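In my numbering, the protein residues as written are 147 to 208.
Just so you know, these hints were derived from the structure itself, not from any lab.
Note that this is a predicted model, so its numbers are computed, not measured.
Beta carbons: idealized from backbone N, C-alpha and C, even for Gly.
Just to be clear, a hint being listed does not mean it is correct.
[As the list claims (entries may be wrong)] Cβ-Cβ distance ranges computed for the label pairs, FRET-style:
id: 1; residue 1: Glu204; residue 2: Glu162; range: 52 to 58 angstroms
id: 2; residue 1: Ala200; residue 2: Ile161; range: 43 to 49 angstroms
id: 3; residue 1: Ala154; residue 2: Ala177; range: 17 to 23 angstroms
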Amino acid sequence: MTPSIVAAIATANRIELPTQATEAIASALGATAARFAPGAESHPFEREPSDFDAALAEGAKR
Numbered sequence: 147m148t149p150s151i152v153a154a155i156a157t158a159n160r161i162e163l164p165t166q167a168t169e170a171i172a173s174a175l176g177a178t179a180a181r182f183a184p185g186a187e188s189h190p191f192e193r194e195p196s197d198f199d200a201a202l203a204e205g206a207k208r
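The task is simple: from the sequences and hints, build the whole structure.
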């Protein structure tokens with residue numbers, strides 16, 4: 147997302163943001179979008195299986 151899009155959204159919602167804030171928001175949104183993109187190196191919801199996961203799987207077998 148570009149700073150101009152962030153500024154347009156803020157203006158439409160009657161929010162005044164300094165240029166530095168719109169740039170920071172755009173940067174943060176872009177970084178977040180990259181984490182969720184297909185083929186991203188590490189998806190934010192992926193994690194190593196835990197003992198809890200193993201217990202759930204074992205309970206499901208019964």
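Outcome of the hint check:
In this structure the supplied range 52 to 58 angstroms holds for Glu204 paired with Glu162, their Cβ-Cβ distance being about 56 angstroms. Separation of Ala200 from Ile161 is about 48 angstroms and conforms to the stated range, judged on CB atoms against 43 to 49 angstroms. With their beta carbons about 20 angstroms apart, Ala154 and Ala177 fall inside the hinted range of 17 to 23 angstroms.
Checked against the numbered hints above, the structure breaks none of them.
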